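Chemist: What follows is each chain in one-letter form.
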Amino acid sequence: MISQIFILSSKGDHLIYKDYHIIMKHFRGEASKDSINVFYEMVTALSGDQTPVVMVHLCSHKDLHFIHVRQGGLYWVASTKTNPSPFTIIEFLNRLAALTKDYCGSLSEKSVRMNFALIYELLDEMVDFGYIQTTSTDILKNFIQTEAVSSKPFSLFDLSNVGLFGAETQQSKVAPSVAASRPIMSSRGEQSGKNEIFVDVIERLSVVIGSKGVLMKSDIQGEIRIKCFLPTSSEMRIGLNEELSIGKSQQKGYSSAVRVDECRFHQAVKLDEFDTFRILKVCPSQGEQTVMQYQLCDELPCAPPFQLFPSVQKDYYIVTSQLLFFTFSCSTALNVSITVPVPKGSVSMSQELSSPDQTAELQPKNKALLWEIPRFPGGAQLSALFKVDVPGLSSASLLEVGPVSMSFELAKQTCSGLQIRFLRLAPTQTGLSQRWVRYVTHSDSYTIRI
Amino acid sequence: MPYFGSEEMVKELKRALSNPNVQADRLRYKNYITKVIRYMTQGLDVSALFMDMVKASATVDIAQKKLVYLYMCTYASDKPDLALLAINTLRKDCADPNPMVRGLALRNMCNFRMPGMTEYIEQPIVAGLRDKASYVRRVAVLGCAKMHSLQPNTDIDGTIVNELYALLRDPDPVVVVNCLRALEEILKDEGGVVINKPIAHHLLNRMKDLDSWAQSEVLTFLLRYRPRSDDELFDILSLLDSFLQSAHAHVAVATLRLFLQLASAHPAVQADALLCTSAPLLATCGAASRELRFAGLCHVQQVMRSQPGLFGTHYKRFFCGYSEPTYIKFRKMEILVELVNDENVALVLEELRSYCTDVSPELAQAAIAAIGRIAQTYSEKCLDILTGLLALKQDHITSAVIQMFRDLVWFCPQSTAAVCQTVEACVDSPQDSEQALLWLLGEHGDQISSAPYVMEGYIDGLKTELSSAVKMELLTASVKMFLCRPAETQDMLGRLLHYCIEEESDVCVRDRALLCYRLLQRGVEETRKVVTGPKSDPSMSVLTGRQEEPISQWASTFNTLGPLSGCDLCPQTAVISAADQPSSSAEKELLPESTDVTLSSPDDTEEEISLSLGPPLSHETFEKMWLDLEILQRQTMGFPRPRTALDTLQAALQLVKIQTLAFTPGATVPWKAYIYTRSTGTLILAELLQGDQHAPGIDESLVVSVKQQPVNQHAIRGFVSILKGVLQTLNVDSS
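Protein chains in written order, with my numbering: chain A, 1 to 450; chain B, 1001 to 1735.
Please keep in mind that the hints were generated in silico from the structure rather than gathered at the bench. The structure displayed is predicted, hence computed values, not measured ones. By construction, the Cβ of each residue, glycine as well, lies at the ideal position given by its N, Cα and C atoms. One or more of the hints may lead you astray.
Listed below are the simulated SDA-like cross-link pairs for lysine to any residue, each with C-alpha atoms no more than 25 Å apart in a straight line [stated by the list, open to error]:
hint, chain 1, residue 1, chain 2, residue 2
1, B, K1030, A, L15
2, A, K365, B, D1045
3, A, K217, B, A1288
4, B, K1030, A, I450
5, A, K18, B, T1560
6, A, K344, B, D1358
7, A, K141, B, R1038
8, B, K1393, A, S348
9, A, K11, B, D1045
10, B, K1035, A, L15
11, A, K141, B, M1100
12, B, K1316, A, T339
13, A, K412, B, A1288
14, B, K1393, A, F325
15, A, K367, B, D1358
16, B, K1657, B, A1469
17, B, K1035, A, R113
18, A, K110, B, A1063
19, B, K1030, A, M114
20, A, K387, A, W436
21, A, K217, B, Q1301
22, A, K314, B, E1350
23, B, K1393, A, R435
24, B, K1092, A, K344
25, B, K1035, A, K387
26, B, K1011, A, R113
27, B, K1132, A, F408
28, B, K1381, A, G402
29, A, K18, B, T1059
30, B, K1035, A, I450
31, B, K1014, A, L15
32, B, K1208, A, I139
33, A, K141, B, T1034
34, B, K1316, A, L308
35, A, K365, A, K412
Computed beta-carbon distance windows for the label pairs [claimed, not checked]:
hint, chain 1, residue 1, chain 2, residue 2, range
36, A, E352, B, D1272, 58 to 68 Å
37, B, V1126, A, S10, 43 to 53 Å
38, B, E1362, A, S10, 20 to 30 Å
39, A, S234, B, E1343, 47 to 57 Å
Looking at chain B on its own, in the form it has when it is part of the complex (with noise of 0.2 Å):
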């Protein structure tokens, strides 16, 4: 209703104030200023009233006073000269008797923001950080960082920046941490307020008056603090100890982290103190709050990353409720399957079935996969519970299932015969797992006896296919399982291939028509050569599964935002697709043109980033950009180069969309090579190097430094993950 007529409200209020009976009643003048600003945050404008306000801005009801100045701090700026006009009265407030009245007085006068401000606030600012009454004092400290965000680019005032240091030694533990927020913003430019051993020191012993607010504040500023010795590093770990078990979890989480980077060289302390904290975390996990729930549930997931099993005993806190948002019901199924031991793999299977049947299909599915996931280390368990999905007949869970199967052939190569087995009853596939189905049936078609069946359903029914996705992946399952059953088979590859070539309008699906069938004519033992790749790859699981990291890949952005905002996002996903890209090397040769390499791939499901070659990069650009840019990610890989032959490193990238520049000649230690690749808009610039002079412990692993402009933290990732895949793949086929 505000926003209709606002005029006439305007208009009416206006009247109403200036109308000399009502200014004579109080309680009813005080009833319009609230009105007005009633109407300010509903979004009206009132700013026609300002002169108005000034008016009733002198009063000595405090309440009424600070209605008066809220009004005031946001129409300042749009009415300067009038606002000038209150001034008057604000620095009369500042030498109020009344420390309410002065504190007020100088918060308020601080927060207008109009050009020229700073010479009326200079002074009450400076005998506000003098004044007796500590709550002045906390609002003169802030107002000195209010005072240089007036004027960002003037320079810094010498006197009050060493005013504020002194100030940290007052005896009031708000005006301390105020101190320290007002000298971090006003010396931002300069790299923050210094943290020196006096100061730090000083903090620490003033801990217990803060209020958890500023502990927890404090802490983070103790952050940039280096202690000097080891013995002051154990002095301070010991003052702050009792604060990893604070009641209020900002504080707990906070001192963990501080312990975590203070004690980065002593991995047993933070391991104490992960062990320590872990009580709180798993409390926040189970608080009433569901925002705070879900806080505590990003952070265990970091820890898990580096200590697996700290919460394995406590796996049941993980269980979901029935009531509980389905975002947390994801974080609590991906904590519990990377909790999964021998003996609590039957209950948290259990449960995890329960899950299955519910009523939101994304959740069903994500059980489903979970599920999956742990078949990769207890099969024979997840299967029962697969096959057993597969009876209810429901279309998202089936093809949640087929798709598992899919993946769990991919890794475990154990279980494809009693997949093989399950999947010859499933013959009606949905939508969705179409591909995946096609896949099993085309790569083990010797292992399901109906499959050629199955297959000729799909080709007769081409017609009406939409997806060509699913028709390519038909096409390449149809010329495998020739290669196995010809008899068959042979039929109905023909009518499918005439199809395709015939009648097909995607490019795509005729392009690969046309190679399965010049490679058809190019007799069996070629097509063999070329269609058959691996069926499975062990080795993947290994990569999938739990590695531990070191705590330093994540202490840095434990207690932000980061954790929580999902740009923390597992890498497994890019790992699998990226690793997959590889085929045979003669099927490259066959495909230069194509832009899908995908073409034996058991996965087309997960999200890939896209990498592109772009235009060259000459030498000079490349060297001139990698000088001026920063290191943003430095990784060490674990594994050394790949022994291979260094084309085909270079053959293998460029597959994966990265071009090679230059690297060093065969066995010369240091060895490097220098890379580069584009991606969504960023150019991502590589640096390898094995052998490096200066870390000597780790000279046989493989060291990749990352570059980009512009930033893209997700590119990054996804890049290295894929790099990453590349480089253990050749290092599998070369060993």
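The shape of chain A in the complex, shown without the other chains (with noise of 0.2 Å):
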């Protein structure tokens, strides 16, 4: 049972505040307002060793406990004074943020508060008394009365849409980035006429490779989220590789095969043709939501998108070069950046870069030299030669130098090879609708041993 729902923004700052057990102040005497203050000086008092997800406040009747998540740079808050299953909240305050994200069209300060009217809305008609009524956006759209106010930058990245002739380029075959990010409720706005539908195949890829290339840990956490903006909702086929096999024991003879270890479903998912066909049947409901995940565990199809050769040697400095390998052909990488460990007591290094467009700096702080990479065309090769001053070097701080940890963003590629054959929506559908599918790995960890 929760007590109190509070956003506050980074720096302390009420968003929203919503108590449900106010109407007890006068009997019990306590959860009055304060209680966000004192969450906010045990939040930032904390150091990073501490735990920060559930905090217990000692009060005089009965202890408080504040469970929090930190979405948008924002802390998301519940404070309960029972002691609940940590992940109902945990999910439930995760959900709440992904609702509003729906509402609002994106996850920030500014459209928390310019939207907070909309938001009491929606968490009134899903918590009453402190109970969890429903966070469906089905039910929940036929209330929520508000609409969406969105706050758009001018861009100059929006006139590229317009043709030459002010006349939008319809050939355009990629959604742009930000298409998505745009409250779902807009109906009765200028954008009334987009029925689109988003499919995502996001994969988080956690590698470690060991010091002489070996792969010694690969992991793929992969979801298929929807993103529908769709007014009303029928039924949607989403077709997957036919080759799909799940689980050790289905592998089959030939290696083109595309493996995923085990997958979950959304509950409203119908399988009935997925054992044969493997085709996902869902009624989307307006929103993000995700149909299915799944997870792959030490056996990449593939290669690892980056393969590194790193020499470290010692001379009057540390030199250590980095041959930096972008095995994917057909894809882009981006923003990927490199941390690469230093000796304690750097001071200076002096860099050569193959390309203008790379940066390379020394962070002594962190003990670490950032390599950044805006952007990697696939079947690339870079190199960088780094030379790094270390008063009083000897041989033992060589160790120190690695592993070197990367983290990157590959646009219209996944590891496991899962893909969307077709997305057919049932023929019911009146009206021009619009249906993107998208592919984007992330790296949640990758490591390389020197």
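Given two chains presented individually in distinct reference frames, assemble the corresponding complex, making use of the accompanying hints.
Modeler: See below:
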């Protein structure tokens, strides 16, 4: 049972505050609005290694527990005096953040500030007397009256959609990345004609590569996520790779099969055609939802996306040269950043990079040098040479170099090979609807030992 | 900005809201109302506008109504007389043809917190319970609970309770769950809602219609149902089987908890359920939301207390991601240490080794500590890594490594030679590991050739040493060293004693120095008898190692905040520090006035539960309290009572500040002892029992029942582990 729900900005401003048991204030005399300040003081006083998820505030009557998640740079907090399931509360707060994103278009301090009336309305229907009533968009949309206010800063990129003579370029095959970040309910607005549906295959990759280039750990957590802007829901059929096999026992003889270890589906997904044709049937409700989650451990069907050939030598300086090779040819990696630990006490660094858009800097505070590549074309190979000046260099200092960690984002690419063959809406669906399928792979953790 | 000139702001809003021009323009009017709510959220007192807001509630615009209601609920208690004006509007809305308006009005009317509200809301609630629209029924059902909480001390209205029980058969799933919640609140004093067989089966059959939140809540309610027969039990379990694999972690975990509870007499079923849920649990450990990840890890740790092998093959899932926050990394390392076996030890160690050079010193030290714990089983491989780390010459690493060496020598004597060889190399120990190094030098000075010279360095620098703990350790270590290498040590020991007795200002250090001096006066043999205790205690590593706990130990806190909030700490820290306390008995005789009993303790960094004796309890007081209090913890020790004489037991307990009140003599069966102690403001009473007639199966083992006033779980755990440590040590000694 939740006593209070509140949303704070990172600076501690109160954005949303709802007290479900305020009616008891007279009789029990606690849990007043001060608890927000108590929470903020507690959360900012925490040091890095303390566990912030659950915090206890000792009250005179009964302990107040704060459970919070951080999303979009905001604190989403629930407080309770009972001892509920942490999974329920955490998942509920995440869901609240997701719904807020659906209804406001994006998740930021600004959008929450502008749409606070809408969020109050949402919360009012979602939770009554501290008990979760519903979080389904299908039900909620009947009750929500306030329209979202979306803030759109003027951007030159918007103009790129406009053709030479001011007409929209219909040929564009790629949805702009911001297309999906708009409120789902702006039905009476100027975008009323856009019946869009986005199906995203998102994978998070965590990889450890050993010192001799051996793949030591590889792990893919994937999900198929639908973001639906269709006003009425009708059945949609999503066809996955026909040769997809699930579980270790089902592995077929030929290696081309796409395999996942296990998968779990949203409870609304109908699976009667899944076993034979690998077709998911779902009636998407408005907003974002995860249709299928899957994972794959220890067996990447392809080579890991990046190969690094590092060499570290001790000279007057520590010289490390890095040769980075991007194995996927048909994709582009964005925002690649590589962190190379350097010995304690490193003073300065000189660098030789293979192209001008790359940057590298030494961060003595983090004992690391950060090499950033904004855009990395497929199949390319980059190299860099760093000379790090370490006073009092000893041979043991070399032990401190490594492991290298990378973060990146691969567009149009999944590592498991899972693909969406087709996306069909039921024929009853009238009007134009645009369907988009997007693939993206994020690095959850990509570590290369030296 | 709202905090400054707030009165001005309120006045301005008031003017605007009462301006007929604004009222005529709906959009402008609503904008001002929105503004009021915004200030309210920011903490500004806008209660002065109540009258204007009541006027604004009479509108057809539902969005505006909602805003005004939100305002009213917040300030109704401050302006009860004005709030009465709003009630008329609300009651009219309760009869509106639109169910949404009806529900909205009813919900908000129930949220008004002012005395005397009950008479206004009772009739609409009763009408709402029979409404055609499920939306209104949902609101009305919770309204019953709200009404009860307005007047918590009045008698429970039997008709409403009966009506709610009847509504458990409602076709709308949310109404059903709300009924359970409302009944639980209303009947709180009578033990909550009653789940009998028809209700339980009805709920189980409705499970598929519920959404995930309701599912996990119903599963929690079902925890209090006890099936009558095994057949019924297995029917229930097979109905719930599919929920173990639910895509929602909270449903899967709630189902698991119910399984563990229902099948407490069928360990095989419990094991199957754990196996089924291991996949969803592992998935939460890799979830995108780091908070969910943390919750998953904490629960994995709990499961591993009874089933350490369950996640063995998935150990790579617990490798730390570099961008993860430290609190997740700590949990993952704790899990990795538990999962080590012959096949994966090399990979796990390599992974842990890469954390040792992390930027965060806390993380690096935790990684070294993790390697140290693995070293208790795989000492050779770990020693290589730890020795390699010394070459980095970084203070926080070296200090952690030396402390690990000390623990290693204490737990696994076979690694002593290798450690001594390495310690030889590191003479300049950083600040916080000096004690560990000195202990090693004193205890194994015969194997470290340079030991006296290192010690001399410390003695020469004594004047600048600030910590009295280090000085005490230095005294003990020097005396020990003198016993094995007298020729090299005699001179410096003299200087040390002279300084400590003549010039030292700290009384404890001076006392210790005097003690050493007088001991030495009585002869070397006498000193040896007192100072040298056991050099290692291999039995301890068995104790700190993996014992499989019964599932029932943690099942009751599974899927609650307990595992996350950190009060569910591993007991081993307390075990180590407590078990070191009883040193040789001669020392006890010589040190009756000393407050510090950890003379030769190799452990000083661990957190201790401090027990104290306090004023003695009389038999009558003890008896009265024992009868009044509830048993908070009952634990089977798993070993019989020590075979030593009873006064030895009493003395040993006294040493760790546990007072014995009474015990049955010698070999009587059943054997009982009553003991008590105090710790940070609480009084702990306990009974030791062996050979209970009521539990014939376990008559060989000692059972401890603990009562406490006031309750402090942390202290109880500490107390039990200290007690366990003492009894275990006595058992080892006597066998």
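Chemist: None of the hints should be skipped; say for each whether it holds.
Modeler: Status of each hint after checking the structure:
With a C-alpha separation of about 20 Å, the suggested pair K1030/B and L15/A falls inside the 25 Å cut-off, and the hint holds. This hinted pair does not check out: K365/A and D1045/B have alpha carbons roughly 46 Å apart, beyond 25 Å. Among the hinted pairs, K217/A with A1288/B is consistent with the structure: their alpha-carbon atoms are about 18 Å apart, no more than 25 Å. Annotation: proposed proximity of K1030/B to I450/A is violated, straight-line Cα distance about 63 Å (limit 25 Å).
Of the supplied pair hints, the one linking K18/A and T1560/B holds, its CA atoms being roughly 23 Å apart against a limit of 25 Å. Proposed proximity of K344/A and D1358/B is supported: the alpha carbons are some 11 Å apart, at most 25 Å. Straight-line distance between C-alpha atoms of K141/A and R1038/B comes to about 23 Å, which keeps the hinted pair within the 25 Å bound. Of the supplied pair hints, the one linking K1393/B and S348/A holds, its CA atoms being roughly 21 Å apart against a limit of 25 Å.
Taken as a hint, the K11/A and D1045/B pair is honoured in the structure, with Cα atoms around 21 Å apart against an allowance of 25 Å. Of the pairs offered as hints, the one joining K1035/B and L15/A holds, with about 13 Å between alpha carbons and a cut-off of 25 Å not exceeded. In summary, the hint linking K141/A to M1100/B is supported, as the alpha carbons are separated by about 12 Å, within the 25 Å threshold. Restraint check for K1316/B and T339/A: the C-alpha separation of about 22 Å stays at or below 25 Å, so the hint holds.
Between K412/A and A1288/B the CA atoms are separated by roughly 20 Å; this keeps the pair inside 25 Å, and the hint holds. This hinted pair does not check out: K1393/B and F325/A have alpha carbons roughly 35 Å apart, beyond 25 Å. About 9 Å separates the Cα atoms of K367/A and D1358/B, which keeps this hinted pair within 25 Å; it holds. Restraint check: the Cα-Cα separation between K1657/B and A1469/B comes to about 21 Å, which is no more than 25 Å; the hinted pair holds.
Distance check on the hinted pair: K1035/B and R113/A sit about 12 Å apart at the alpha-carbon level, within 25 Å; holds. A hinted pair counts as satisfied when its Cα atoms are at most 25 Å apart, and K110/A with A1063/B qualifies at roughly 21 Å. Using a Cα cut-off of 25 Å, the hinted pair K1030/B and M114/A holds, with the two alpha carbons roughly 15 Å apart. With a CA separation close to 46 Å, the supplied pair K387/A and W436/A exceeds the 25 Å bound.
Our distance criterion of 25 Å between C-alpha atoms is met by K217/A and Q1301/B, whose separation comes to about 22 Å. Restraint check for K314/A and E1350/B: the C-alpha separation of about 23 Å stays at or below 25 Å, so the hint holds. This hinted pair does not check out: K1393/B and R435/A have alpha carbons roughly 60 Å apart, beyond 25 Å. Taken as a hint, the K1092/B and K344/A pair is broken in the structure, with Cα atoms around 74 Å apart against an allowance of 25 Å.
Pair hint K1035/B plus K387/A does not hold up; C-alpha atoms about 59 Å apart against a cutoff of 25 Å. For the hint linking K1011/B to R113/A, the alpha-carbon distance of about 23 Å falls within 25 Å, and the restraint holds. For the hint linking K1132/B to F408/A, the alpha-carbon distance of about 55 Å lies beyond 25 Å, and the restraint is violated. In summary, the hint linking K1381/B to G402/A is supported, as the alpha carbons are separated by about 21 Å, within the 25 Å threshold.
Only pairs whose Cα atoms come within 25 Å are accepted, and K18/A paired with T1059/B is accepted, the gap being roughly 24 Å. Between K1035/B and I450/A, the direct Cα distance comes to roughly 59 Å. Violation of the 25 Å bound is thereby established for this hinted pair. Our distance criterion of 25 Å between C-alpha atoms is met by K1014/B and L15/A, whose separation comes to about 23 Å. Between K1208/B and I139/A the alpha-carbon distance is near 18 Å, which keeps this suggested pair within the 25 Å criterion.
Simply put, K141/A and T1034/B have alpha-carbon atoms about 21 Å apart, close enough for the 25 Å limit, and the pair holds. Pair hint K1316/B plus L308/A holds up; C-alpha atoms about 21 Å apart against a cutoff of 25 Å. Our distance criterion of 25 Å between C-alpha atoms is broken by K365/A and K412/A, whose separation comes to about 36 Å. A hinted range of 58 to 68 Å holds for the C-beta pair E352/A and D1272/B, which are about 60 Å apart.
The hinted window of 43 to 53 Å between V1126/B and S10/A holds, with their beta carbons roughly 47 Å apart. Remark: the range hint 20 to 30 Å for E1362/B to S10/A is upheld by a beta-carbon distance near 24 Å. Against the hinted window of 47 to 57 Å, the Cβ-Cβ separation of S234/A and E1343/B comes to about 52 Å, which satisfies the hint.
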